[in-house]
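> Could you put the whole structure together from the sequences, leaning on the hints where they help?
Protein chains: 2
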Amino acid sequence: MMTTAQKRLEQRLGHTFNRPALLQQALTHRSAASENNERLEFLGDSLLNFIIGEALFKGFGRLPEGDLSRIRAHLVKGDTLAEIARELDLSDALILGGGELKSGGYRRNSILADAVEALIAAVYLDAGMDACRDLVLRLYDQRLQNLDPRKMGKDPKTRLQEWLQKRREPLPEYEVVNVSGPAHDQTFDVVCKVAGQPPVQARAGSRRKAEQLAAEKALDRLEGDND
Amino acid sequence: MMTTAQKRLEQRLGHTFNRPALLQQALTHRSAASENNERLEFLGDSLLNFIIGEALFKGFGRLPEGDLSRIRAHLVKGDTLAEIARELDLSDALILGGGELKSGGYRRNSILADAVEALIAAVYLDAGMDACRDLVLRLYDQRLQNLDPRKMGKDPKTRLQEWLQKRREPLPEYEVVNVSGPAHDQTFDVVCKVAGQPPVQARAGSRRKAEQLAAEKALDRLEGDND
Numbered sequence: 000m001m002t003t004a005q006k007r008l009e010q011r012l013g014h015t016f017n018r019p020a021l022l023q024q025a026l027t028h029r030s031a032a033s034e035n036n037e038r039l040e041f042l043g044d045s046l047l048n049f050i051i052g053e054a055l056f057k058g059f060g061r062l063p064e065g066d067l068s069r070i071r072a073h074l075v076k077g078d079t080l081a082e083i084a085r086e087l088d089l090s091d092a093l094i095l096g097g098g099e100l101k102s103g104g105y106r107r108n109s110i111l112a113d114a115v116e117a118l119i120a121a122v123y124l125d126a127g128m129d130a131c132r133d134l135v136l137r138l139y140d141q142r143l144q145n146l147d148p149r150k151m152g153k154d155p156k157t158r159l160q161e162w163l164q165k166r167r168e169p170l171p172e173y174e175v176v177n178v179s180g181p182a183h184d185q186t187f188d189v190v191c192k193v194a195g196q197p198p199v200q201a202r203a204g205s206r207r208k209a210e211q212l213a214a215e216k217a218l219d220r221l222e223g224d225n226d
Numbered sequence: 000m001m002t003t004a005q006k007r008l009e010q011r012l013g014h015t016f017n018r019p020a021l022l023q024q025a026l027t028h029r030s031a032a033s034e035n036n037e038r039l040e041f042l043g044d045s046l047l048n049f050i051i052g053e054a055l056f057k058g059f060g061r062l063p064e065g066d067l068s069r070i071r072a073h074l075v076k077g078d079t080l081a082e083i084a085r086e087l088d089l090s091d092a093l094i095l096g097g098g099e100l101k102s103g104g105y106r107r108n109s110i111l112a113d114a115v116e117a118l119i120a121a122v123y124l125d126a127g128m129d130a131c132r133d134l135v136l137r138l139y140d141q142r143l144q145n146l147d148p149r150k151m152g153k154d155p156k157t158r159l160q161e162w163l164q165k166r167r168e169p170l171p172e173y174e175v176v177n178v179s180g181p182a183h184d185q186t187f188d189v190v191c192k193v194a195g196q197p198p199v200q201a202r203a204g205s206r207r208k209a210e211q212l213a214a215e216k217a218l219d220r221l222e223g224d225n226d
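Just so you know, the protein sequences line up as chains A and B, in that order. Numbered by numbering that gives the first Met the number 0, the letters in the first sequence go through residues 0 to 226 in order. Numbered by numbering that gives the first Met the number 0, the letters in the second sequence go through residues 0 to 226 in order.
It is possible that part of the hints are untrue.
It does not matter which identical chain is used: a pair holds within one copy or between any two.
Claimed, not checked - Straight-line C-alpha distance at most 25 Å; calculated BS3-like pairs for lysine-lysine:
no. : residue 1 : residue 2
1   : Lys-216   : Lys-76
2   : Lys-208   : Lys-101
3   : Lys-6     : Lys-208
4   : Lys-101   : Lys-192
5   : Lys-57    : Lys-6
6   : Lys-216   : Lys-156
Read the hints as simulated data drawn from the structure, not as lab findings. Small disclaimer: the values here were computed from a predicted structure and weren't measured.
Okay, here's the thing in structure tokens:
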């Protein structure tokens, strides 16, 4: 029942499915069938977060939590997953409904990224955590080796400032727009304003943390625009 | 080297540590030492997301991805983790710096929640995935059994509308504030406005999804305020 493209994908994944129906489901977009990959994507997303998180935790014993989170966010974001999908030639194996097929859905980043997450869950359900971890570490092999240690130590506010300075843009402004909660458990809402961009907002248990989160979001947006 | 409170906590967790230093580290707030629980919290957060995600995925075979995400978000949020910390009497076992101790840091939700996540990672590193899964499912036993199936099927926009109607508040307004990206891969920024609240913004690959995400955020805020 497998297409040639699906067989090839299986080889590139380095995993032969005991239950090929799982592979089929992982490749099925919701436009094609009600038994689609959305639930697998949910599970795969959390597997990916955990496995990459564990690899960073063990591989970078000295890196603080904020840096681990930031590096992971970069590694698991949709654009990176879509790159991986393209390396796997995943689009040839996708099962799409007629509308998505016509409009080129097999090229769309979000559809490709979701399918990669679903594949990760499919391998987990088919063969367990060790097989799944092997797959993820194989898919990320180069990316984990190429992590730039210079970039890794910098917090988001610093990186946002440097990004803007490099482009001779005005520096960002931060503003606390709301403080709520009892004195011993306050929550801070901070807005970060970057010229020419809609303001981004973030919330955290301290002003400092909320500013960093907001800077991170602003940076994601700027870097996303430039991809 | 363990205090009585830490010994009791170990018993309540139902796990005897092979490496008690992991328990100590999981209980150490950053105010007390540079070898603190922040990195463990990073790993524990992703373990918790995966284990709860897997339990929901397997336990609710018919529930769509959006519902699984929403239920999980409720189960893993800081307030729920702080409740669990209180059930474990975790605060007596915490290791805090002088300042946090004086200001009652052991009562703070964020400190308690972070320590629970760190404990989850500590058990994983001490004894592996099966022991860690057992712990999480034990901590969440009642909460997983008590999930309300009536609430579970509703999408965030519906629930936000119902929440406001029940309180005779005006209905929310949604507005697309930005559309970016190439035609085959557009991104939608949607703002959701609720009277008397700062607007919340969300981004997704479709207008519908961005509206649901924004409604979810608005609802989280409203429900958070009422806890």
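> Among the hints numbered above, which are violated by the structure, and what are their numbers in rising order?
Hints 3, 4, 5 not satisfied by this model.
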